[in-house]
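Those sequence lines, one after another, are chains A and B.
Here UniProt numbering is used: the first residue of the first sequence is 1, the next is one more, and so on.
Here UniProt numbering is used: the first residue of the second sequence is 1, the next is one more, and so on.
Warning: the hint list may mix true and false statements.
[Stated by the list, open to error] Here are the computed lysine-lysine pairs in the DSS-like style, where the Cα-Cα straight-line distance is at most 30 angstroms: (1) K135(B) x K47(B); (2) K100(A) x K47(B); (3) K126(A) x K696(B); (4) K338(B) x K87(A); (5) K100(A) x K424(B); (6) K83(A) x K404(B); (7) K131(B) x K424(B); (8) K338(B) x K13(A); (9) K77(A) x K404(B); (10) K87(A) x K680(B).
Keep in mind that the hints were calculated from the coordinates and are not lab data.
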Amino acid sequence: MTYIIEARNMNKKVMLGKGHEIHILKDVNLEIEEGEFVSVMGASGSGKTTLLYNISGMDRLTSGSVKFNGREIGSLKEEELAKIRLKSMGFIFHDINLLKNLSLIDNIMFPALVSTEANKNSVNHKAKKLMKMTGIDKLANHNINQGSGGQLQRAGICRALINDPDIIFGDEPTGALDSKSTEEIMSILGEINKSGTTIMLVTHDVKVAAKTERILFMVDGNIVSHKKMRKYDAQQNDSREREEDLLKWLVENGF
Amino acid sequence: MFLKIVKNDFIRNKISTISVLLFITMAVILATSAVNNVTTLIQSMAKLEERAVPADIAQMHTGEFDQAEIDRFTLQYRDHIAMQETMILQNVDGSNIHFSQNQTLAGTIQDISFVVQNRKFDFILNLDNEKLDVKEGFVAVPIYFMEQHDLKIGDTITVKSGGYEKEFVISDYARDFEMNSSLTSSKRFVINHNDFHEMFVIGPGEMEYLIEFKLNKNGDADTVQTAYIEAGLPANGPSIRGKMFLLFNAMSDIAVAMVIILISILLLIIAFLCIRLTFLASIDEDLREIGVMKAMGISKEDIKKVYLNKYRAISLIAGIIGYLLSLATVNLLNGNIKLYISSDLSGSLNYLLSLIAPLLVYFIIVMYCKRVLKRIDKISAVEALRRDSIEHGKNGKHHFPLIKNKFFSINIYMGLVDVWKRFKLYRLLFVIFIVCTFIVILPVNIFNTMTSPEFSTYMGIGKQDMRIDLRRTDRITEDFIKLQQELENDNDIEKFATYVTSSYPVKNEEGSWNYMNIEIGDFSAFPLNYLEGRGPEREGEISLSFANAAKDGLNKQVGDEVTVRVGGREQSLTVTGIYQDITNGGKTAKANANLGVNEKAVLWYIVSMDMVDGVNIPAKMDYYQNAYSTAQVNDIKEYTQQTLGNIINQMGTVVIGGIAIAIIIAVLITALFLRMLLSKDISQIAIMRSVGLTLKQINHQYMAGTMMVLVVGIILGVVIANLLGEFLVSMAMSSMGAAKIEFVHIVWQTWLLCPLALITTVGWTIFMSCKVAVKDDLSVVLRS
């Protein structure tokens, strides 16, 4: 079994004002297998997003270690970390976070063009292909203030995919979307996962988590439980059962 | 509550608040100093005038002279004339005045004369503005020479000429209202009556008379001057009006005050731009709070007051600090006034009046803030809560798709696109770079123009290698003939031309006659640049200086006729051209040689010449100076430098000051701007980092953008300084007689050295300031 992420004794403390320290992650251990589709659930303030940001190297742990593809990322220099984020990781944010000066297609192509070996034409071709796949190909040259939340989030997904990452992290990627857009985004993410990309996302939404194959449940900075489910297949038409099953498990765990 | 908000705001925006405070303080210091300086100048000029009682009309004359005729004239016009006095000037050539060890005053372009103190008016004063009373064996030397040759009280000067030799001890410096300025070409040394008499008897000098009139309060100078000329009284030298003395005295100080006021206006503009930027940045940051306050029902006036009060406080503090500091800086500026006009600058009126500057700055800033704050009116509570920036941005602007970028690396391209998309923001920096380049280049251009041989154009002189001036002496005509013969036989001389300046009666607009100096000769040999038309090539032609052709002169245009009386006969001359001339009060004229010399009123002879290539010009100058001891031999550069000495020196200081101020401003604002820009863009920077950009790549984006703004700003600044600068300087100089100044560009200075100095220092600032600091975890920004 190959782990893409192996985290041991993760601790994260932050200072809030003078002398006031809070302990967000408390000795968290976690492994994520290659190709897995994982979601993290828990109440607000339980440490879900902090876990995501620390695993991905965006934040630095107070103590503990995180190995990405077998490589310890805590000791890497800023430039090496940036390279890993550029080539091997993709991010989808709750607030979408696109660059204001660029059009949608330029936002998508930007991470690929930054890498020196990029061929502009093939990047452009790939961006268009991804936009078509996510249904926003007609908005290629639009500004970011000309798209709806769902359309922009699709652009965010395209951006995350442009460099063929090994893993995609999603911080409540559907949190600001309506139910229809949520369905569509989850369907896209499901397809991406099927093609072999590992996905880890944080969510409050049971419907979203029910479409993943492993659910981690966090309470007060610890992963207290996890639930393994069968890979979701839209063809099987069992969404409702999965959601009910998950909800029941969550209630049992004090959700 | 108010103090708490101001204090918190200060802590949050320390650097921007300090910068705004600094710029307003600097603007107040300069504006206050300039106002103080101008007030002091006006006050001390009035005091000096009161003590020196200068003449309203001064007429120079050489040759035969009868005081009785003048007394009769004075009596006849007693309705106009209050007093008359004739001063006898014993002109001594500079080469006959020895000082220090083996030094003489040879080579000076000034006419030197020895005089005794007048009895009724036109008094020459000491540095305490008291009437000079020079004891036997002593001399009071003009301030001009004291500065030029570092003469000290107690030093000696010796006058040696023919059989006359006498040593004088310097007892005082002579502050001479009429002839203080380097622009007045005569200087008076004051000696005791007995020494004067001895000198008169032995006669080392040429006699000249200064016939002076002090008018009654209602006396009309025009009437007196015209009547004097009509009466055929002695008048073969230049005639000068009282207001001209005033202008010459004040000119260099007024020029400096104007430059300082200009710089302080530029600083204020910079302060405005900073305020605008800090306002927009802080309103952007506080947009949610503004929304909450509006939603709570707090009136927009009260919300605005929160922001406005801060700038009220800053302007008040800057006003007080600036005013207090100006008390010290004003002493740096009034050195010239102290020396030439009044040593005692005590008095409180100037300090009181200069309070106008900080008050004006305060009100301008508050008004400007109110204007900028109108933006708050425009946004509703809901909008404020929903929008994350008050600026709409330029999304409608032309796109620069990344795919189309062929020349730059992606990060440089992003930096350039950012400038295009957010030009409103970068505008501040852009204007600053233009202004700073302007502040550097304009004084450099003025300095280079003034010190270049081409500047002779504005002095009514064509470009030439060397010039010999023969002033009026008994031997003047013989010397002139001899010199011409010698020049014809001198193989080192490529060409030469002679010019004779005499005084002619010229009919003015009212139909009465005024005396005017007309230079005659061949003006094609050393041609001038004419503003309009051409030189007087044929008989019956004349060209006028700009001031002479202007409305308050003869009011003539090219093609008009001027009536001149020569040898008792009236001649009508056609105006062929108008040229620029700042010498002799700006009013000169040049006519074709066929006009004929007014033998009775020859003022001076000038010989202009060019040397054959390779001739040692200084050696040639020495030769002719020794051969013709009474002549003044100069190259044109030296001539202009001696005439404009003070102004050139002060301009030199302004050049250095300009470069220093420009660099300080550019560095400070760039650092401030980038700091604000980086903090404004913190979330965009975090997004770029999250997708895998290194800090170095992000730095490159900001560096590329700001460097482009810097380079374009500098290029535009140089162009504007060259074009607008010429216009501004021409405007300022038109009162002196030069209406169209064309700068002399020293290309490597204006296009290479000055821009390079700015690019290096500001580039370094950009490099240092663009370093994005990594303090917090990325999630802190991305999640906020």
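Structure-based check of each hint:
{"no.": "1", "hint": "K135(B) x K47(B)", "verdict": "holds (26 angstroms)"}
{"no.": "2", "hint": "K100(A) x K47(B)", "verdict": "violated (66 angstroms)"}
{"no.": "3", "hint": "K126(A) x K696(B)", "verdict": "holds (27 angstroms)"}
{"no.": "4", "hint": "K338(B) x K87(A)", "verdict": "violated (73 angstroms)"}
{"no.": "5", "hint": "K100(A) x K424(B)", "verdict": "holds (15 angstroms)"}
{"no.": "6", "hint": "K83(A) x K404(B)", "verdict": "holds (25 angstroms)"}
{"no.": "7", "hint": "K131(B) x K424(B)", "verdict": "violated (63 angstroms)"}
{"no.": "8", "hint": "K338(B) x K13(A)", "verdict": "violated (69 angstroms)"}
{"no.": "9", "hint": "K77(A) x K404(B)", "verdict": "violated (33 angstroms)"}
{"no.": "10", "hint": "K87(A) x K680(B)", "verdict": "holds (28 angstroms)"}
Checked against the numbered hints listed earlier, the structure breaks hints 2, 4, 7, 8 and 9; every other hint is satisfied.
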